[in-house]
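Asks: Sequence:
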Amino acid sequence: MRAPMCRRPSAARRAVVLATAWVLGCGRSPSFGEREPFIPRDSAEVLARVPAVGVDARARERAALRKALAGHAGQLDMALRLARLEVEASRVLGEPRYLGRAQAVLRPWWELATPPLGVRLVRATFHHARRDFPAALEDLDAVVKEDPGNVDAWLLRAEVLGIRGEHAEAAHSCARLTALTSSLTVAVCEARVRSLAGHSRKAHALLSEALRRSERSQESRTRALATLAEAAALAGDAGLAERYFLRAISLDSKDYAARAAYADLLLDAGRAREAAVVVMDHTQDDRLLLRHALAENALRSSRAPEVAHALSRRFEESRLRGDSLLAREEARFALQVEKAPEKALRLAQAVWASQREPWDVRLLIEAALAAGRPEAARPALDFLQASGCEDPGLVFLAERVRSLLP
Numbered sequence: 037m038r039a040p041m042c043r044r045p046s047a048a049r050r051a052v053v054l055a056t057a058w059v060l061g062c063g064r065s066p067s068f069g070e071r072e073p074f075i076p077r078d079s080a081e082v083l084a085r086v087p088a089v090g091v092d093a094r095a096r097e098r099a100a101l102r103k104a105l106a107g108h109a110g111q112l113d114m115a116l117r118l119a120r121l122e123v124e125a126s127r128v129l130g131e132p133r134y135l136g137r138a139q140a141v142l143r144p145w146w147e148l149a150t151p152p153l154g155v156r157l158v159r160a161t162f163h164h165a166r167r168d169f170p171a172a173l174e175d176l177d178a179v180v181k182e183d184p185g186n187v188d189a190w191l192l193r194a195e196v197l198g199i200r201g202e203h204a205e206a207a208h209s210c211a212r213l214t215a216l217t218s219s220l221t222v223a224v225c226e227a228r229v230r231s232l233a234g235h236s237r238k239a240h241a242l243l244s245e246a247l248r249r250s251e252r253s254q255e256s257r258t259r260a261l262a263t264l265a266e267a268a269a270l271a272g273d274a275g276l277a278e279r280y281f282l283r284a285i286s287l288d289s290k291d292y293a294a295r296a297a298y299a300d301l302l303l304d305a306g307r308a309r310e311a312a313v314v315v316m317d318h319t320q321d322d323r324l325l326l327r328h329a330l331a332e333n334a335l336r337s338s339r340a341p342e343v344a345h346a347l348s349r350r351f352e353e354s355r356l357r358g359d360s361l362l363a364r365e366e367a368r369f370a371l372q373v374e375k376a377p378e379k380a381l382r383l384a385q386a387v388w389a390s391q392r393e394p395w396d397v398r399l400l401i402e403a404a405l406a407a408g409r410p411e412a413a414r415p416a417l418d419f420l421q422a423s424g425c426e427d428p429g430l431v432f433l434a435e436r437v438r439s440l441l442p
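Heads up: the sequence shown begins at 37 in this note's numbering, then just goes up one per residue.
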């Protein structure tokens with residue numbers, strides 16, 4: 037049985053796709069390559085912390101679907117419903133391990149060269165989370181070729197290409213959405229790509245006008261506000277960015293990507309105490325635990341060693357699982373807490389091998405400067421020049437490192 041093709045998914049479904057891409061793209065870093073599975077020597081050894089799930093309606097639905105599928109594993113429609121709920125759970129909980137559950141649910145179709153369309157889309161989301169961008173794009177290209185009206189596929193394709201620094205092709209994917217979905221969804225897509233390319237003032241102008249005219253759902257507006265906040269921050273307007281962040285978080289307190297970006301804004305402004313308050317009750321998410329560690333370190337608080345140790349354990353658990361999904365976080369931790377610039381530079385270079393987001397640019401330059409190796413920042417300088425970056429923070433960093441080059 038083929039998966040149903042949905043050309044115009046609901047606003048809520050589109051918001052989940054946008055938010056899932058944002059969450060997985062804004063704080064997860066690439067693996068260094070395939071490794072052999074880790075087998076613990078001791079059955080008591082901690083491999084991962086999986087947050088407890090409350091008895092909410094979605095959790096109950098997931099449990100019911102798992103029970104139903106236990107005796108009917110080949111029911112594609114049911115399996116896809118459960119897989120999509122697992123993907124949504126990964127967003128809400130800030131926990132990519134739920135994507136592994138989605139993969140397990142779809143195992144009968146997962147390895148097929150030409151799986152059903154819905155399976156391809158979930159598989160692309162999984163590859164995106166694992167930073168296997170070529171595999172994600174292969175699936176997404178197949179989906180949009182077979183179903184050119186698939187909004188979710190075009191949205192995710194734009195996000196993946198934007199992260200890779202392929203801004204023109206990402207913008208093309210956004211443009212394909214014009215006749216398929218709301219003007220606000222299209223504007224969020226286009227603004228996100230423009231911000232990634234270093235044109236955040238233009239992104240803000242585009243999206244603020246679209247938001248003013250829109251009467252879309254709360255989910256769509258929340259995503260738009262978070263994107264506006266990011267754009268304003270990159271454009272150097274911290275006050276405006278803060279107002280947008282506060283509005284976005286008030287609408288969705290579990291938007292961990294927005295919460296992390298807001299904490300970064302506060303940390304850059306020397307407001308570490310406020311940053312700690314923003315994140316301290318949400319540190320089951322690795323990105324927010326990093327910001328908590330940075331804030332406590334900046335405050336020189338008595339809690340700083342405890343929080344730093346907890347984050348170090350997360351890094352170790354990630355390595356035990358055989359992945360490097362926290363490489364960006366570990367690079368920032370090495371640079372700002374451990375004061376180990378060479379280690380930070382090595383990790384930043386590993387991240388740079390597969391992605392080009394503004395934080396990746398900043399981290400590579402800052403680590404190169406701290407290590408006394410300005411020449412190591414050349415890839416970032418070349419990228420900023422090629423993209424025509426106008427964002428003041430990155431332009432300042434680029435000028436600083438250029439002044440040290442022969």
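What the hints contain is simulated information worked out from the structure, not anything from laboratory work.
The structure displayed is predicted, hence computed values, not measured ones.
One or more of the hints may lead you astray.
Said to hold, decoys possible - Distance ranges between label pairs, derived from CB positions:
| hint | residue 1 | residue 2 | range |
| --- | --- | --- | --- |
| 1 | L148 | H208 | 38 to 44 Å |
| 2 | D177 | L440 | 38 to 44 Å |
| 3 | L356 | R336 | 26 to 32 Å |
| 4 | G272 | L148 | 46 to 52 Å |
| 5 | A100 | A422 | 32 to 38 Å |
| 6 | R438 | M114 | 53 to 59 Å |
| 7 | A95 | E342 | 26 to 32 Å |
| 8 | P415 | A171 | 20 to 26 Å |
Stated by the list, open to error - Straight line, CA to CA, 20 Å or less: simulated SDA-like cross-link-like pairs of lysine to any residue:
| hint | residue 1 | residue 2 |
| --- | --- | --- |
| 9 | K375 | A407 |
| 10 | K290 | L129 |
| 11 | K290 | S253 |
| 12 | K181 | G136 |
| 13 | K375 | P410 |
| 14 | K379 | G358 |
| 15 | K375 | E310 |
| 16 | K181 | R143 |
Think of the CB as a built atom: it goes at the ideal place given N, C-alpha and C, for glycine as much as any other residue.
Asks: Give a verdict on every hint.
Replies: So, going through the hints one by one against the coordinates:
1. Taking 38 to 44 Å as the suggested C-beta distance range, the pair L148 and H208 does not conform, at roughly 28 Å.
2. Evaluation of the 38 to 44 Å hint for D177 and L440 yields a pass: the beta carbon distance comes to about 42 Å.
3. L356 and R336 have their C-beta atoms about 31 Å apart, which keeps the hinted 26 to 32 Å range intact.
4. In this structure the hint that G272 and L148 lie 46 to 52 Å apart at CB holds, the actual value being about 48 Å.
5. At about 51 Å, the CB distance of A100 to A422 disagrees with the hint of 32 to 38 Å.
6. Distance hint for R438 and M114: a CB-CB separation of about 57 Å, consistent with the stated range 53 to 59 Å.
7. The beta-carbon spacing between A95 and E342, approximately 31 Å, falls within the hinted interval of 26 to 32 Å.
8. For the pair P415 and A171, the supplied restraint of 20 to 26 Å holds, since their beta-carbon distance comes to about 23 Å.
9. Note on K375 and A407: the hinted pairing holds, with a Cα-Cα distance of about 10 Å set against a maximum of 20 Å.
10. Taking the CA atoms of K290 and L129, the gap is about 8 Å. The hint holds against a cut of 20 Å.
11. Only pairs whose Cα atoms come within 20 Å are accepted, and K290 paired with S253 is accepted, the gap being roughly 17 Å.
12. Taking the CA atoms of K181 and G136, the gap is near 26 Å; set against the 20 Å cutoff, the hint is violated.
13. Pair hint K375 plus P410 holds up; C-alpha atoms about 17 Å apart against a cutoff of 20 Å.
14. Proximity of K379 to G358 is assessed by CA-CA distance (about 19 Å); at most 20 Å being required, the pair is judged to hold.
15. The hinted pair formed by K375 and E310 fails the criterion: a straight-line CA distance of about 23 Å is larger than 20 Å.
16. Taken as a hint, the K181 and R143 pair is broken in the structure, with Cα atoms around 24 Å apart against an allowance of 20 Å.
The structure fails hints 1, 5, 12, 15 and 16 (numbered hints given earlier, in ascending order).
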